[in-house]
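Chemist: The lines below spell out each chain.
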Amino acid sequence: MVHEVRTPPLRPAAVTAGAATKPGLMDRVDAALEGLWHLLTSMRVAMVLMIVLAALCVIGSLVIQVPTGVGDDPTAKAQWLDAVRQRFGAWTGAMDALGLFDVFNSAAFRVLVAALVISLIACTVHRIPGVWRTATKPRVDVGPGFFEHAPQHESIVVHATTAATLEKVEVVLRRRHYRTVTQDDGTVHLYADRFRFMAFASLAGHVSLILILLGAIVGTTFGFKNQYFAVPEGSTVLTGTEDGLALKLLSFTDTYYPSNGQPQDYLSQVVLLKNGQQVAAQTIRVNEPLTYDGATYYQRAFGPAVQLTIKDQRGNTVYNEGMPLDGSSTDGSNRSAGALLIPGTNDTINVFATTGTSDTTIQPGQVQIVLYAGGGSTATDSKVVDQGKATAIGNYTMTFDRELKYTVLSISRDPGQILVWLGALLLFVGFTLVFLLPQRRVWARISARGAMSVLSVASLGRRDAALGTDFDDLVTDIRSALQAPNQV
Amino acid sequence: MDKLSGYAFVAAGLSTALATVCYLIYALSGLRAARMETAGLGATTGSMGLISGPRTSAVGRYATMLGWLAVCALGAGLVFRAIATGHGPFANMYEFSLAFAFGTLVAYMWFERKYHQRILALIALPVALAMMGYAATIPSTIEPLVPALQNNLLLTVHVAVAIVAYGSFSIAFGAAALYLIQPEGGRWGLPKPQVLDEIGYRAVVVGYPFLTLTIILGAVWANTAWGTYWSWDPKETASLVTWLIYGAYLHARVVRGWRGSRAAWLLTLGFAAVLFTYFGNLFFGGLHSYSGLNSTN
Numbered sequence: 001m002v003h004e005v006r007t008p009p010l011r012p013a014a015v016t017a018g019a020a021t022k023p024g025l026m027d028r029v030d031a032a033l034e035g036l037w038h039l040l041t042s043m044r045v046a047m048v049l050m051i052v053l054a055a056l057c058v059i060g061s062l063v064i065q066v067p068t069g070v071g072d073d074p075t076a077k078a079q080w081l082d083a084v085r086q087r088f089g090a091w092t093g094a095m096d097a098l099g100l101f102d103v104f105n106s107a108a109f110r111v112l113v114a115a116l117v118i119s120l121i122a123c124t125v126h127r128i129p130g131v132w133r134t135a136t137k138p139r140v141d142v143g144p145g146f147f148e149h150a151p152q153h154e155s156i157v158v159h160a161t162t163a164a165t166l167e168k169v170e171v172v173l174r175r176r177h178y179r180t181v182t183q184d185d186g187t188v189h190l191y192a193d194r195f196r197f198m199a200f201a202s203l204a205g206h207v208s209l210i211l212i213l214l215g216a217i218v219g220t221t222f223g224f225k226n227q228y229f230a231v232p233e234g235s236t237v238l239t240g241t242e243d244g245l246a247l248k249l250l251s252f253t254d255t256y257y258p259s260n261g262q263p264q265d266y267l268s269q270v271v272l273l274k275n276g277q278q279v280a281a282q283t284i285r286v287n288e289p290l291t292y293d294g295a296t297y298y299q300r301a302f303g304p305a306v307q308l309t310i311k312d313q314r315g316n317t318v319y320n321e322g323m324p325l326d327g328s329s330t331d332g333s334n335r336s337a338g339a340l341l342i343p344g345t346n347d348t349i350n351v352f353a354t355t356g357t358s359d360t361t362i363q364p365g366q367v368q369i370v371l372y373a374g375g376g377s378t379a380t381d382s383k384v385v386d387q388g389k390a391t392a393i394g395n396y397t398m399t400f401d402r403e404l405k406y407t408v409l410s411i412s413r414d415p416g417q418i419l420v421w422l423g424a425l426l427l428f429v430g431f432t433l434v435f436l437l438p439q440r441r442v443w444a445r446i447s448a449r450g451a452m453s454v455l456s457v458a459s460l461g462r463r464d465a466a467l468g469t470d471f472d473d474l475v476t477d478i479r480s481a482l483q484a485p486n487q488v
Numbered sequence: 001m002d003k004l005s006g007y008a009f010v011a012a013g014l015s016t017a018l019a020t021v022c023y024l025i026y027a028l029s030g031l032r033a034a035r036m037e038t039a040g041l042g043a044t045t046g047s048m049g050l051i052s053g054p055r056t057s058a059v060g061r062y063a064t065m066l067g068w069l070a071v072c073a074l075g076a077g078l079v080f081r082a083i084a085t086g087h088g089p090f091a092n093m094y095e096f097s098l099a100f101a102f103g104t105l106v107a108y109m110w111f112e113r114k115y116h117q118r119i120l121a122l123i124a125l126p127v128a129l130a131m132m133g134y135a136a137t138i139p140s141t142i143e144p145l146v147p148a149l150q151n152n153l154l155l156t157v158h159v160a161v162a163i164v165a166y167g168s169f170s171i172a173f174g175a176a177a178l179y180l181i182q183p184e185g186g187r188w189g190l191p192k193p194q195v196l197d198e199i200g201y202r203a204v205v206v207g208y209p210f211l212t213l214t215i216i217l218g219a220v221w222a223n224t225a226w227g228t229y230w231s232w233d234p235k236e237t238a239s240l241v242t243w244l245i246y247g248a249y250l251h252a253r254v255v256r257g258w259r260g261s262r263a264a265w266l267l268t269l270g271f272a273a274v275l276f277t278y279f280g281n282l283f284f285g286g287l288h289s290y291s292g293l294n295s296t297n
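Each protein sequence line maps, in turn, to chains A and B.
Mapping of the first sequence onto this note's numbering: residues 1 to 488, in sequence order.
Mapping of the second sequence onto this note's numbering: residues 1 to 297, in sequence order.
Mixed in with the good hints, there may be bad ones.
Okay, the calculated beta carbon distance ranges per label pair [what the hints assert, rightly or not]:
1. Ser480(A) with Ala84(B): 51 to 59 angstroms
2. Met65(B) with Thr161(A): 39 to 47 angstroms
3. Thr137(B) with Thr378(A): 37 to 45 angstroms
4. Thr137(B) with Asn105(A): 58 to 66 angstroms
Residues from chain B that keep clear of chain A, each with C-beta distances beyond 10 angstroms, as calculated [to be verified]:
5. Ala17
6. Gly75
7. Leu122
8. Thr137
9. Thr212
10. Val241
11. Ile245
If you are wondering where the hints come from, they were derived from the structure by calculation, not from laboratory data.
A quick note: this is a predicted structure, and the numbers were derived from the prediction, not measured.
Cβ coordinates follow ideal geometry from the N, Cα and C atoms, glycine included.
With the hints as extra help, turn the sequences into a complete structure.
Modeler: The following block contains the structure:
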């Protein structure tokens with residue numbers, strides 16, 4: 001870490017002789033502001049904020065969190081809460097009120113992150129002038145007291161003039177790749193440092209966190225995200241990312257390892273159509289998303305679908321598409337189920353799939369179709385339909401053409417990502433450099449004492465109790481250089 | 001190859017156990033010597049506790065040799081395993097636990113070479129041994145990779161980097177634990193508190209950039225596989241917690257009043273977070289659970 005040479009700031013004299021005995025309002029505002037600044041630039045405060053934030057994150061990783069999207073929808077939220085009530089019982093309400101189910105969107109979390117960012121910015125702003133001065137105009141004359149109180153210091157008496165001593169010390173320092181700055185006012189003052197730009201790497205590492213956060217904000221504000229883009233095989237669905245762009249799923253394949261039945265691969269063979277013209281084609285796999293025009297399409301989930309043809313009373317086809325069975329029945333049979341509002345009407349149908357060969361109600365090769373005419377909540381008709389057989393249901397003729405699959409992709413366009421990756425790079429490089437090449441600073445003072453010189457050397461870094469430090473090596477080097485016989 | 005790796009793991013486990021015993025004997029011999037010293041019966045201590053003079057050095061040397069043997073055996077086992085599976089040996093809890101043990105062992109041996117503090121082994125080796133023991137209790141069959149894990153480059157690098165970080169943090173924990181158990185002024189011939197403080201710091205300085213890289217690579221992978229670089233998945237969140245705690249520790253080192261035992265407590269807390277992140281898969285589900293039941297993740 002960088003230790004600044006600081007002189008305590010001069011306290012503004014609150015009460016000057018003969019002036020008002022009570023501190024004025026402005027003075028109190030000043031004092032408050034100063035206190036606030038002190039708080040914000042305090043490393044202790046930043047540290048405590050980090051620990052509290054960590055504690056909050058622990059809650060967020062232990063308590064089940066509301067899925068994205070559900071939290072904003074009151075009915076979905078209520079359903080979700082009912083589901084988790086089984087686990088948390090009477091505590092559910094209180095936990096929800098405290099925001100424990102949505103920690104990362106809670107006010108407490110936001111306030112903490114904001115406070116940490118403000119503290120980070122304040123610390124950075126606070127440090128910049130000092131770091132800049134150290135790099136460009138370091139303090140060379142630190143006063144004699146420093147050489148007695150610095151964490152590491154040494155004093156050597158040399159049988160040589162100050163100038164000769166300085167020369168030898170400088171040679172040693174240069175050989176160790178130190179930069180040296182000297183000043184001579186009868187006493188020689190010397191400042192030397194190495195890796196002086198590492199303080200900037202530390203600053204960059206800290207600023208990168210703001211960059212990452214900024215990227216996240218840009219992403220959520222200007223980005224596009226659809227986590228649930230379902231397309232049945234053979235269907236074409238508008239992507240919503242730009243006008244006229246649609247995605248057609250040619251086929252979906254899920255394969256399993258014969259050895260253990262674990263999933264092996266999920267393949268969505270898709271084409272992207274811009275105003276009917278094919279612009280991209282790819283087989284999307286879990287680790288191989290498709291990117292087109294800044295938007296990326298990822299494999300997310302899949303499920304069963306049915307190809308359904310619906311004709312109205314006059315024999316006009318009102319629906320002929322793949323319909324995802326993306327829900328499940330509520331009667332406990334756990335059938336795949338889907339709901340569809342028949343286009344241009346108020347009539348809804350629910351379609352239920354078979355659960356397999358042991359299913360006595362709906363056998364393989366059949367689906368059950370339940371009609372709710374006119375938007376009512378009571379079924380007006382219900383039939384189990386054989387595959388390929390046109391069946392009258394209510395006023396419609398419906399055909400279950402064949403079983404299909406549907407794929408669920410997630411689509412995202414995130415303009416903030418570039419900032420996030422840039423920040424991540426800066427974060428890693430910055431912190432690695434700081435730890436790998438820590439900044440070193442050494443001061444020396446050479447004063448004449450008769451024919452001899454007294455050399456004092458001091459450094460700010462704390463002594464490494466186990467290994468000794470560069471400072472020890474440096475002093476040993478300087479000693480041997482000074483003891484070497486002069487070649488006259 | 002799979003069998004060969006199994007034998008290597010057994011050999012590694014045995015040599016680690018034996019090494020632990022040797023280190024223990026070594027430490028106990030030091031304890032006696034330290035007591036003799038306080039009784040005024042001589043025995044010289046190395047300068048600044050660097051060379052643990054009173055301890056039986058022969059046992060210590062054997063312990064070190066056994067430690068290196070364990071590193072070699074475990075490393076060979078992991079290589080054989082990688083050849084057998086065709087990907088980095090980091091795809092399930094079994095492989096990852098052995099890799100964790102390997103990281104801890106390597107980190108320990110490295111720190112022993114550098115700081116000559118064999119006492120650290122009393123914490124570090126049992127950690128590695130526990131990880132190997134845990135691996136022995138879970139199925140070791142080679143399962144093919146589920147779709148989310150089919151990214152050989154990221155699987156290998158992401159987890160390998162995590163191993164380095166976790167290994168270093170184990171050492172930091174060892175140093176912190178030894179720091180905390182000794183009363184003021186040091187005792188039992190344990191390394192001086194300042195030395196332990198320094199080792200803890202050095203270990204975190206190594207581990208922290210690697211943890212940062214682990215999280216970043218995780219985000220890169222999440223972005224390729226799941227379409228979002230951060231989704232507050234429990235495992236992601238837990239690793240962020242770890243990162244925050246060690247970040248706080250690095251600051252604590254330069255804040256007055258937080259050095260010493262408070263910093264050591266932070267290291268202990270940090271290691272708890274490492275274990276929480278590591279074993280998280282077992283109880284908090286999320287995207288890292290690879291259930292693959294009706295979702296493709």
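Chemist: The structure should be examined with respect to each hint, and the outcome stated for every one.
Modeler: Status of the hints after comparison with the structure:
| no. | hint | result |
| --- | --- | --- |
| 1 | Ser480(A) with Ala84(B): 51 to 59 angstroms | holds, 56 angstroms |
| 2 | Met65(B) with Thr161(A): 39 to 47 angstroms | violated, 56 angstroms |
| 3 | Thr137(B) with Thr378(A): 37 to 45 angstroms | violated, 56 angstroms |
| 4 | Thr137(B) with Asn105(A): 58 to 66 angstroms | violated, 39 angstroms |
| 5 | Ala17 | holds, 28 angstroms |
| 6 | Gly75 | holds, 25 angstroms |
| 7 | Leu122 | holds, 17 angstroms |
| 8 | Thr137 | holds, 20 angstroms |
| 9 | Thr212 | violated, 5 angstroms |
| 10 | Val241 | violated, 5 angstroms |
| 11 | Ile245 | violated, 5 angstroms |
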